[in-house]
Structures are given as structure tokens and as C-alpha cells.
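Chains as they are written, first to last, in full-length UniProt numbering: chain A, 1 to 510; chain B, 1 to 510.
One or more hints might be untrue.
[What the hints assert, rightly or not] Among the chain A residues that face chain B by a calculated CB cut under 8 Å, a handful are:
1) Ser301
2) Gln423
3) Asp424
Everything labelled a hint here was simulated from the structure, so no lab data went into it. We treat Cβ as the ideally placed atom computed from N, Cα and C, and that holds for glycine.
Protein chains: 2
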Amino acid sequence: MLSSHAGRRRMDNIGFFFLNTFLFCTCLASPPNFVLLFADDLGFGDLGCYGHPSSLTPNLDRLAAGGLRFTDFYCTSPVCSPSRASLLTGRYQTRSGIYPGVLYPGSRGGLPLNETTIAEVLKPMGYATAAIGKWHLGVGANGMFLPTRQGFDQYLGIPYSHDMGPCWNLTCFPPDVKCFGLCDVGTVTVPLMLNEVIKQQPVNFLDLERAYTDFATNFITTSAKKKQPFFLYYPSHHTHYPQYAGQGAAGRTLRGPFGDALFEFDNTIGNLLTTLEKTGVTNNTLVFFTSDNGPELMRLSRGGNAGPLKCGKGTTYEGGMREPAIAFWPGTIRPGVTHEMASTLDILPTIASLAGAKLPQVMLDGVDMTEILVNQGKSKRETMVFYPTDPDEKYGLFALRLGKYKAHFYTRGATHSGTTPDQDCPVFAVLKAHDPPLIFDLEADPSEHYPLPLTGKPDLQALLERIKKAKEQFEASMVFGESQISKGTDPDLEPCCNPQCIPKPSCCKC
Amino acid sequence: MLSSHAGRRRMDNIGFFFLNTFLFCTCLASPPNFVLLFADDLGFGDLGCYGHPSSLTPNLDRLAAGGLRFTDFYCTSPVCSPSRASLLTGRYQTRSGIYPGVLYPGSRGGLPLNETTIAEVLKPMGYATAAIGKWHLGVGANGMFLPTRQGFDQYLGIPYSHDMGPCWNLTCFPPDVKCFGLCDVGTVTVPLMLNEVIKQQPVNFLDLERAYTDFATNFITTSAKKKQPFFLYYPSHHTHYPQYAGQGAAGRTLRGPFGDALFEFDNTIGNLLTTLEKTGVTNNTLVFFTSDNGPELMRLSRGGNAGPLKCGKGTTYEGGMREPAIAFWPGTIRPGVTHEMASTLDILPTIASLAGAKLPQVMLDGVDMTEILVNQGKSKRETMVFYPTDPDEKYGLFALRLGKYKAHFYTRGATHSGTTPDQDCPVFAVLKAHDPPLIFDLEADPSEHYPLPLTGKPDLQALLERIKKAKEQFEASMVFGESQISKGTDPDLEPCCNPQCIPKPSCCKC
């Protein structure tokens, strides 16, 4: 039943096979560059090219029109740090220990140094590597968890969420519109770090994007001049609360602060594309865009939009974990839309394959998606598993997708998903076990509105057995790493440009 | 406040002004052809190019990629007949009398003959006119309300909804999958009419699309050969319940019966485009696509999808009345997306303007949108008004959109919108008056989740006054026509190929 259906999956695109094959072979001769763009709390329905009626995302829409747009692409966690850990390692957060929840400015833990990131996969191949933006995989004592310790030659950014500090005195929009809301006021003001040194504290949001663009432009230009292959990782902060945007984007969209913030990120993407063109490397660069988790609906119209999907951030419904994703590589990736299932987990193996780099000798959860990208082929991925924000061996998976079917063994709302009319989304929807699981056909019913009736349906009973088996097999393969987040926090670890100042946190200003 | 914001509205597109201007002038010299495609119960979120993850709509996506895609396009009623009346006359259904609800096979009334349709606007200009598909503006005694009495030279189709007859014995998908559900069993079986004569009863759904395609191809080819300008109106049935599809589309999509039905309609659109190309008239033809009302959510995964919008068919929320819309005219309309407000009401004035035809000497509610289409300009439309399925002078408008704001004076759910988790949508959400009205910023909050707090906001209080004034002005201008639907039904008027047979309705089979 699944296989015949899967056989019908196909690309909606225009073919130019020979050119494509030719160019791809050329590219293998000289290792391709990679630009990995990662949005924050951006929902499935937030981009113009994913149907949002008032978002202005001309550059992302251009990437989608000239590249491959995914309809069934998943992150691995409905919150930030674990999702980022999976993206960079190709492994579920449960293995690397980035659970439960997220890291804080003073967290003792971080992404363990023995985990291998995409940057570390590429370094032995001679790649230049840089990260700009939101790290959120730990700072630690003496910056031991910063990007520079995880394979990145350079870093410019805020090492965690930019709401992790007091907001009240910060300007989020010009001329002097203060950041909206209270953020986490108990920690030091938000720092901007260059490599391992605090450059500015608190950060100046109005000028942040220019600094990022300059840094990225310089990195690409320098690498291209040296003919050194490069990997640029840009996880943006913009669409996370509190939204911000500088002079060039503020007030320029129809959608208010969220739209302006998204537009500024989109502008930067446009600038990066221009730099790739100017330096003549566009046809040898894979640009990949996706997001870390679903929209933070609790922020009302300042949160994102899951489009037709159910709930958002913090939940294991589709709205929490299905994301926009675009792969752009002129001459190698044909324009089109793919309905193949794929995940942030698959980016590391794909990049390794394209660069001819060795995979880390660990249990990887990602699969190579080169075949989807370059040959419009099938996904090697048959399942996607859904852990909650606080994975626990006692409960195991909350949900599992097998082919077009998704089974929910547990459901639960989340604070982050409050405020929509769907009563399954907010935190008041407490943990509920489902036996048999709720099963949805995500292709006929992407909104997870209509659980399939199982009684008297031998086909679905057989499917249920397959799902249960897949779940058992996956869970048997899962060894939970030591929780890095349970190591707790220490205020002394909060990054402060003036470490001896008193009284913290307010005195950390430079 | 509105005007400065409106000033920021703009097109996301690529410019080629001179070519565009040149071609447009050329076109004015020889009157353009018009192909008007009208989907049935298709929601804002149902097409691939509007973000649906599993719909396969390659031809509509191609129209969108090469044409102008609207994000803020409205029909005038959340149900079928009134919406169609407005489309064809450029006037609200309240003027023409197509309310409350919809027409039935035996309805005594229909679109009054003194109403001027688009076909009648074009006839004096020498246009050939044809309609295929779903009419639903009345049959009446001796077919007095059929398309052939309303300016169409030719008609092939089912004159009302194809669920208005018994479904049980009909085949909706090959090889012999019976139509799903019960439909309206008390009336005659569904007829296929050629002009004013019943050609088949009950209709053969599996072969219907081929018949339509042949008819349309012949019409376009003949007109093009004669160098006669033409107007083809194709209101499809497919995505209305019960869905159906023939051999070429059944089982070919990811989305099940709804997806297959949509895919068959999309295939036909592809065939029509091919015919336009073959006959060499593509660059002199405006193809316009939209839908009559929002998705019929009560059909579960066999209903459509409103994407990020609230509720669906039968309601005056955005999901009930905001629709996908695409204008395609290579060389004249630049590819892009427009956020300008427009409506089915505007199609008649626009077509009249493009054809150089005279407008009917009546109170028109539509405005010419040539400026939006051809010059990427501003909409002349500042408001959109929302009548319920049963407009009534006592209640007046249920809602009004002014600029980016929408005010709900009354809200109510609908049977057609049942089954989603939003408790405002189903019929159990009874009529509720709002004073002050619920006001939403549709650009920041297209999902109508977050009514704006009015207290202590002088800007919004001023806006509210403007909205109330616009409502008063509109209502003062509205003269309700005699209700055609309240004239009731007469079983003898139901179209029967064998009028004297006994017992009706089951004996009407030929």
C-alpha cells in the first residue's frame, strides 16, 4: 500500500538532464561551497513561496523559484538548541544530550566536543568555515562550547537566543522603538561575540545585520579569491521574539514587526546571493535554507504562522516540526517542488557526500539526500520520529511518521503554541497517551484534523503493526547521551564583557 | 495611517516595462480573448502555489509562476450561486436577488434576464462566447435561465451542483468506485446539457472532463481560425463534493480523491493552454483563475483547505471568502505576486475595459483592475463587504474590510465549515453580534486570531469611525433585488430527459 503510493511521488519540474549531469560531474572535480541558512521560529506558512499572503520574502521566493522547494521537511525538535544540535551533527538531540529544553547563557553544558559538526566534517577537506548569528549550543567555561571549538574558523554572533537578557532598554526598530516585552531579565545583557571575545554588550540590533552581512561578504570573497572551498553557516535570530530590524527593513513590509524582521533576513540572503554571483561561485555553491522549529504562536501576530499545519513551537504536531526548506544550486539542482521526506538530520551526510568528505564514525540518524537534490530521486528516509521538548526513555517517541502516515503515541500542547483557537495546542492540553495511536494520513490531511478509524480496516491494522515495529527498532537503537541541559546553570558562566563588575547582570555593558 | 501603509504595498516581480507597454498597445488594437476558470469550493490553501504540501497542480503553478498571483482576492458569498451571480454581473448577489442560499434543480427563479453578464457585455463587440461546466444560476421553465439565455452562444455542462441528485449509483472514479456519500437524493439524476438539451442523464463523471476538453478545444480552435475574439467561461465541478476524476487523474496524486479531482481540473487547464499555444493566441488571451467560495470543511479530508485562513465555506471569515486567483497573459502581465485587494466583482469591468466594451447601465459593484494587471498599479478597491449566505436588510453586512483592517459586526459558524478544531467555524457557533465590531489587522494576522484591543487607541477609534461610515454608505447604496431563491421550487421544473416518465425522480435516465 505504501510502496505503490510512494511510486507516485514525483517532482513538478522542468527537465534538463544533460546539462545537469555535466555540471554535477564538474562540481565533483572541485568541491562545492555550502551556505546553510537557518531561520528561527519560522513556521511552515511564513514565506511568500509557502503561501503566506502578506510576507515579503522576494529573495527566498527567488531561491524557491530557481531551486528545489521541499514540502515534507522536518527539524528534529520543536525547540531551538536540540534542533540546532541535530542540524550540525546529523544525530538526534537525545544522542548528543541537548535535552530537555534549551541552553541558557550560564549553562554548564553544551554540545559535547566529541560530537562532530558539519564544519568538522569539512575541515579535513580544506574548507574555510564560518558561523554568523545564533549559536545556542553552549558557551561554557572559557567559551569551551563556542563555534570556534566546533570546527568553525570564525564566528560573529549572539551565542544564544537574543531574548535571553533584559529587553527593556534595547532598541529593536528605528528610530528608537524599544524591544517589545520583557524577555528573560535575570541574565546579563545580550552580547555580540567575535570568535570568543565579546565585541558589544548589549548588542545593537539596528546595526547587527550590517555587521553580519559585512562579515559574510568578507568571508565569501576571501575564500573565493583564495580558491578555497567554504562553508558558511548563518542561523538568523530575526524571526524569534523579540523581532528586530534595521533602517533598511523596518516598516517596509505589510506584516508588521514579524514581517519586517523576516524581510531583513531575506535582504541579507539577497546580499549573500549577490556576493556569490560577484565572486563567480554561484554555480559551485549549494545554498540551503530551513528553520529550527515551528512558529511561536504565543506571541500572537508577532509569532509566525504554521500555514495549514496544526499547532506550532513546542509541540510534536506538524506545525511544531515541519519546516520550509529550499535547496538552490543553479545548474545542478533543477527548479521544482519535492514531496520527498527529508530532515535537518540529512544535511550533514549530504554535505559530506557532495564534498567527498568522510562521515564521522558514530551512529548517524541522517541519510544522504544528494539523490533528491541532484537527480530528483527518491528519499532514503522512510520514517521521521518526533521527540518532545523533554525526551525521556520512559515515554520514548511521541510520534512517528512512516511514509505518508503519522502516528501519535502521545500528544501535548505547549506554552509556545498558545493563543490559537485549537484547544490541542496550548499548555492546557496536558499529556495524553493514545493506544492505539492517533493515525493521520498527512497527504490527504496535512492539518492533522481527521484521525483514521482503525476498526474494521485490516490495511490500517497492518500499517499500525509496521509503525509499532519501526518505533521499537528506532527506540532500541537509541542510546540517550548525558543531558547537557540538566547540568544546570552558573551565573558566573554568563558571558560578561566586564567580568569583575558589580552588580551583575546589569553591569555587563561595554 | 492607512494611506502611508498602502503606499508600501508593492509587487514582487521582475520589470520589463517597455516590452510590456508595447505589447499592451498591440493588444488593444485587436480585442483580447478571455478564458475565465472558476473552481468550486476550492480553498485559499489548496493549490501547490498557495502552499499546499501535497496538492499536485503543475499547470496552475505554471500559470502562477508566469502570471500574477493575488494574495487578497475575494469572492462575494461563502456559497455557490450568489458568488457566481456576482462574478458574471459585477454586482452583489443582493442586487440581483441570488439569495438566500443557492438554487436547486427545480428552482422557479434564476439570475434575472435583465442582469447583464460578462458574455452579454462582450457580444456586441463580436465575441464568440461559450460556457462549460457548472452553471448554477438557474434552469427555470423551458430552460429560461440557462447560459444560452444569458449571452453564451454555447453551453455544455451540468446546470447546478453535481451533488444535487442521487449519488449512489454513479461512478466517481475508475474502474467502478461509486460516488462517496448520499448527495441530495430527492431530485432527478444529474443531467449533462448541451445548450438547452439534456444529452445524458445521469451524467458519466468518468468521461465528463474529456467531453469538456473537446468542447473547449473546438470552441477555441474555431474562434481562432475565424479570427473572432472569444470568451470561454469554465466553472469546474471537480473540487465540490462528491469529487470525481477519470482515468487520467484518478489515483495519480498524493492527496486522495480531492487531490485527484483537482489534478483533473488542472490537467484540463494544461490542455486549454496547449490549445491557446497551438492556435497562436496565447499572447492575446487573458486567462483568469479563481474560485467561488472557501473549502467545505465538513467533508473532512475530502473537503478543501483554507491554508492559514479561518474557517471555510458558509462563513464570512477569510477562509470562507478569500480565494486563490491568478491572472496569466504572457507579454502583458508581468510575473509576480500582488497584495492589492480585488474581487470577482472586478472581473466584468476589467474585461469590459480590456475589450473596449460598454459597461451595463446599472449600479456596478466591481472596479476595473486593468491597472493592477497591466501596470502593476494600485487597486481602485478600498473596501470589501461580506454578506452571509442569507443576506437580510435587517442585519446588513456581517463584515467589512477597509484597507488592511477587517471588522466583523456579526459572526456565525456554518454546517459547511464543521469538523476543524476551531469552535467558531461549525454550525454550533450561533449568530453573535459584535458592538464594537471585532477588528483584525489582516496583514499582520491573516488568520483572524487576534482582535485588536480598541480601548485607549485613538488611531483605532478613528479607524472604527471610518469603517462604520463606509458600512453606512455601502448599505445606503444597496437596493435588495427580489429574492429569486425564495420563489421556491417546483419538481416539474427539474430537468428530466424523459419528462413524462413515472415515477420521478428515478425515471429520468437516458
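Hints, verified against the model:
At its closest, the beta carbon of serine 301 of chain A sits 4 Å from a beta carbon of chain B; the interface hint therefore holds under the 8 Å criterion. For the restraint placing glutamine 423 of chain A at the interface with chain B, the shortest Cβ-Cβ distance is roughly 6 Å, inside the 8 Å limit, so the hint holds. A hinted interface residue such as aspartate 424 of chain A counts as satisfied when its beta carbon comes closer than 8 Å to some beta carbon of chain B; here the least separation is about 6 Å, so the hint holds.
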